[in-house]
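Undergrad: Protein chains in written order, with this note's numbering: chain A, 9 to 504; chain B, 9 to 246.
It is worth saying that the hints were derived from the structure and are not from the lab.
There may be inaccurate statements among the hints.
Label-pair restraints from in silico Cβ distances [claimed, not checked]:
(1) B:Arg221 with A:Pro164: 49 to 57 Å
(2) B:Leu19 with A:Glu373: 24 to 32 Å
(3) B:Lys24 with A:Asp377: 30 to 38 Å
In silico lysine-lysine, DSSO-like type, Cα no more than 27 Å apart, as pairs [what the hints assert, rightly or not]:
(4) B:Lys24 with A:Lys216
(5) B:Lys24 with B:Lys53
(6) B:Lys182 with B:Lys160
(7) A:Lys43 with A:Lys18
(8) B:Lys46 with A:Lys216
(9) B:Lys160 with B:Lys201
(10) A:Lys446 with A:Lys188
(11) A:Lys216 with A:Lys268
(12) B:Lys193 with B:Lys182
(13) B:Lys237 with A:Lys268
(14) B:Lys201 with B:Lys190
(15) B:Lys237 with B:Lys182
(16) B:Lys46 with A:Lys268
(17) B:Lys46 with B:Lys24
(18) B:Lys190 with A:Lys268
Quantities reported herein were computed from a predicted structural model and do not represent experimental measurements.
Glycine is no exception: its CB is placed at the ideal position from the N, C-alpha and C atoms.
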Amino acid sequence: MMRRRYRIMKDESCISCLRCARECSFGAIEAADGKGLVFHHQECTDCQRCVSFCPVGAIYITEDGNRFRRNAVFGEDDIQQIHLQAETGGVLLSSMGAPGSSVPIYFDRILLNASQVTNPSIDPLREPMETSVFLGQRPERILRGSEGRLVDNLPPHLELSTPIMFSAMSYGAISLNVHKALAAAAEELGTYWNTGEGGLHESLYPYKGNTIVQVASGRFGVHGTYLNTAAAIEVKIGQGAKPGIGGHLTGAKIIGDVSKTRMVPEGLDAISPAPHHDIYSIEDLAQLVMSIKEATDYSKPVMVKAAAVHNIAPIASGIARSGADIISIDGYRGGTGAAPLRIRDNVGIPIELAIASVDQRLREERIRDRVSIIASGGIRNSADAVKAIALGADAVSIGTAALCALGCHICASCHTGRCAWGIATQDPDLTRRLDPGKGAARLVNLVNAWTREIKEIMGGMGINSIEALRGNRMALRGVGLNEKELGILGIGYAGE
Amino acid sequence: MEALDIRECGLEGIRKHGDGEITVTGCLGERYIGCGMKEGVLRIKGTPGNALASYLDGGTVLVDGNAQDAAADTMNAGLLAVNGSAGDALAYGMRGGRAYVLGDAGYRAGVHMKAYGERKSILVIGGRTGSFLGEYLAGGIIIVLGLGYEGKDITGYFCGNGMYAGTIYLRTGKVPLNLSDKLVKRNVEEEEKEDILRPIITDFASVFSISARRCLEGGFIAIEADGSKSYSQLYAAV
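Next up, chain B with everything else stripped away, as it sits in the complex (with noise of 0.2 Å):
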């Protein structure tokens, strides 16, 4: 596998790359890295900088360290696995794909995500996150399993407000701190852990060669709109 270090190479030496796999190694708060990338595997050694894979479009991006700020922006379709934290405003209005976070993420995580038919975007962070997460989403999976954090709070404030589609998925008994009226929380039955979380957690399992077994320990929580609370009833039309 080839190694280029981006110091000396640039963004514009990775994009050149194409399809193949390679290692980029001194990353040093570099942005845009894997931006819009269709196809190919990057693995990234050192520390990315902002909007990591934004747009990203089918490829592979695998990361060892953090990633910092908008990462995942507007992904849509592809892997993005973070072996360490994640900043704030991860996949902010994911199309599609996988977006994997081994560690904790920062604010707004999942912002607007979304989903049509067959197609969803699913995003798993195997720590905690921060306030305002899958705040307006439209569709896809978020999944949150506070892998370290047991019995204490997985998300922050004001998490899921102004979603109406979609599902946040928390690995934790405890209610979302402050959650919305507009919003209802649910407990996952066994069957839909099986069908659902039970493929994704395995896969996520595996791509950072964890435990899948300890990630799907205990029970889950839902987290979705509540269907009779719709936005149109905010508004009286003239």
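In isolation and in its complexed conformation, chain A is listed as follows (with noise of 0.2 Å):
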């Protein structure tokens, strides 16, 4: 373990009750026979679990005074990453999104209009205004029987009450726990949970209108009943965090019905293959399609998930093209359970160029009726919501905010499966600490926040309906970006 950078510090309110140390799950805060608390500082993830359940608020967490002799090109991080390398001759493994500032966020550079005057804007209190949202192919034309009535010609398709659904997380990187949150979370709401690529535990089968199940290349979890059990199977090519490469399951992580629903040993670290061994090609992606298709009798739609890298747009065509109703794109800053930290960080593109880039493309190729898009990697809130939108998505999902509704604090320590939450862990005493109940209160309360958020957003600017809102540019305008970023996402500069 690489030596941390946080110091635990304690104040004179504290009352000895030792609620820190039974709370911490990283063996960073000891209580100590007769001694009282011992802090053990290098063990300490700043995952902030003992400040917010300290009774008299004693006890913080601070950045280590002490701080290796300051460099322009090797920073403390990159020496203390050499240092852990050189000792083990590992390759570095982290969790959640990309951290760092390097790259920019172009949500923060983009600015929303409202109106003002010459359209008036409106006002949701008052007036409707529609956030449903379809997702799925559109038909291509109207159909009319022989006595001049509509023919249904709709492909399935689903149908969410607000753009936001939650981002595939599979049971074994998270608790079964917050994958019932999540189900009851996503019923309540009337839109969508991803199970991930880990199966679904039988006793979420109820949630089966709001659940997606994923295929993924180690096909864990995945038969007959698991397609069925769905109203959207999507097949997982890549995710934004570790574009390119497999899923990492930790064997301590691998434990009981983990085991037993993944069909894979307990105890030992499970991997997905970095391709599906059967697709090879957009053809053999089109064959994977019709063959769930052909399993679930042409009743669902089926999804297909790529993380969002240099040639995403003539990628999103061929998927377009294999027969896939919606196409989930995940970009540069989507969160994980378990990457390689190089490739986390330096791999992928951020998911605003990457949605407006495939919007555009599709469009030009007259086939962006053909699928939905749903953009996710880094959605923070509804504005970047509303965002994304405007660039050309369907819908957004959202992963790490979930979580964070859940109480993680993004200590990127999720592939130790120590969680002091109780999220991205298996062991019993922890991921009792999360209650699914209150969980799914929470999620529901944010992203009811979220919904009326995006409803004054859109009033403001005068549209009343997501539909509205989809891929209309003229709603943003960039700030700080230079002629070729403002090109990609297709938008003006401010004051343009």
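Once you've looked at the hints, go ahead and assemble the two chains, each given alone in its own frame, into the complex.
TA: This is the structure:
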């Protein structure tokens, strides 16, 4: 373990209740016999669990005062990582999304429009505002029967009451209680949650109508009942945190029902191969998509999830032609339960650029209506969601933000399996810290709050439906961006 | 027994049939035959196309000729028996049931097959296989008999690369080409041969009406993951 950079501190108000020691799952705070609290600073991940639960607010975490000698080229992280690799010979493993600030967050350089004088803004408290979204293929033409009546030729689709869904996070990477919270929240909200690649626990079968099941290269937990216990099926090709490589679930998390659901041995690290070994081309992808449709009687939309990479636009075009109904694109900042650090921080492109270029390409090829697009990877708030939709997405999905609603403070220790918030762990003593009912209520609150904000933002623009916002780049202006960036985003500069 | 011509009835006609036993004639590369089938028996005449018996979930699919790519893909239960040879990516991600191929299999057979408790996926190939057999194997049993290839290599390169559980049995004395140092090879003792291999191979032989004795002749080697070299050792947690 790398030397951490935090110090655990407490002030004189401490009542020595030892609650912090009971809450710490990383072994950083110990209740030593007769000596009170002992701090092992190097084990602290700054997850903020002890701070949140201290009844008197006595404990706090600070950055360690000791710093390596300043060097503008080799930073402290660089040197520490070299030390760790020199010691272990290992590939650096981390989790959550890329934390660095060197890659621009384009959402922060895009500003939204609002109505003034010439077209009135709309007050969502007074006037109806449509936030429903339909995901799936649109029929190419309207058909009428011999008596002139409309023929229902609508392919299977998903109906969302809000353009926000929950991203794929697998059982194994996160606990069953998190899955329960996500499923219950999705049902109450009228949106969808996604199983990720670790299969679906049988106790969640009742949430079928709001479940998206995933088929990834490891094919964990994939069988006929699984495919048919879902509203849609997602073929996962890649994910934003680790494009081009497979999955890796640490053996510490493969216990009990995780082992059973995935059908992999307990305690052994499980991997998903980098590619699907039955997909080496768009034609092969089309074959898998169609075999899934065949196995589910053409009753559900099939989604394909890919990571945002350099040539995502032609890839999306291929996916759109493969028979898939929905494309899910996961950007550079997307999270993960475990990924090699170098891959996470250096591979892929930001979601804002990916969505804009995919939307543009599909429009140019006149196949935009053949698929819906879901954007994910670093959506932090409702404004990000609005901007992603205005850049061309039909809906967004949130993973990290959903976990934050459940207590996560993004300490990026998911891969250790010791999550103090009971989220990214399978240790029963930790998973019971998360009450699925209360968790679901918090997720519902979050999404409802964002949905209200989206209505306010749309109302301000004089737009009363998400459909009218989709791809509406006139509503966006850039600041601090160069010509090329503006060109790819398809937006003007502020003041233009 | 009813016979259906796939060129007339299509996949729809087969799917409607339910739990009976039918013969499907006229196959000329039609894909997805037997996809997700839960019950019943299909006897296939001609040459079925890709993704044959994918997600097979309890039914029986018998092919009198060859199968193409991605047969028994993500198969869950039941029996696929191919009297000829199979193409690439046979039994990918298989979770249970039996996939038997009397002839040869192409590249990437048995990749990432699984097992849990009593539930084991079983893949038996009568002839030989291409490269990448049983890569990433997570459980289950793969047997390659090498019938007709005695004294020759019966697997290609990269046999079992990345496997972390399960066993690959080969009826040969030869170590597979460029076997990874993360795997161990051992000779199969008589007891293991009797307990594990004989029941499976006897079943395989009876499905194709061939001599089980010939299939069991000679020694077997087993390839397994080296427990002391797990994936976790590749990583250093930040």
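Undergrad: Now tell me, hint by hint, if it's right for this structure.
TA: Right, here's what the structure says about each hint:
no.: 1; hint: B:Arg221 with A:Pro164: 49 to 57 Å; result: 53 Å, holds
no.: 2; hint: B:Leu19 with A:Glu373: 24 to 32 Å; result: 30 Å, holds
no.: 3; hint: B:Lys24 with A:Asp377: 30 to 38 Å; result: 33 Å, holds
no.: 4; hint: B:Lys24 with A:Lys216; result: 25 Å, holds
no.: 5; hint: B:Lys24 with B:Lys53; result: 19 Å, holds
no.: 6; hint: B:Lys182 with B:Lys160; result: 8 Å, holds
no.: 7; hint: A:Lys43 with A:Lys18; result: 15 Å, holds
no.: 8; hint: B:Lys46 with A:Lys216; result: 20 Å, holds
no.: 9; hint: B:Lys160 with B:Lys201; result: 21 Å, holds
no.: 10; hint: A:Lys446 with A:Lys188; result: 11 Å, holds
no.: 11; hint: A:Lys216 with A:Lys268; result: 20 Å, holds
no.: 12; hint: B:Lys193 with B:Lys182; result: 10 Å, holds
no.: 13; hint: B:Lys237 with A:Lys268; result: 23 Å, holds
no.: 14; hint: B:Lys201 with B:Lys190; result: 24 Å, holds
no.: 15; hint: B:Lys237 with B:Lys182; result: 23 Å, holds
no.: 16; hint: B:Lys46 with A:Lys268; result: 21 Å, holds
no.: 17; hint: B:Lys46 with B:Lys24; result: 12 Å, holds
no.: 18; hint: B:Lys190 with A:Lys268; result: 25 Å, holds
Every hint from the earlier list agrees with this structure, and none is contradicted.
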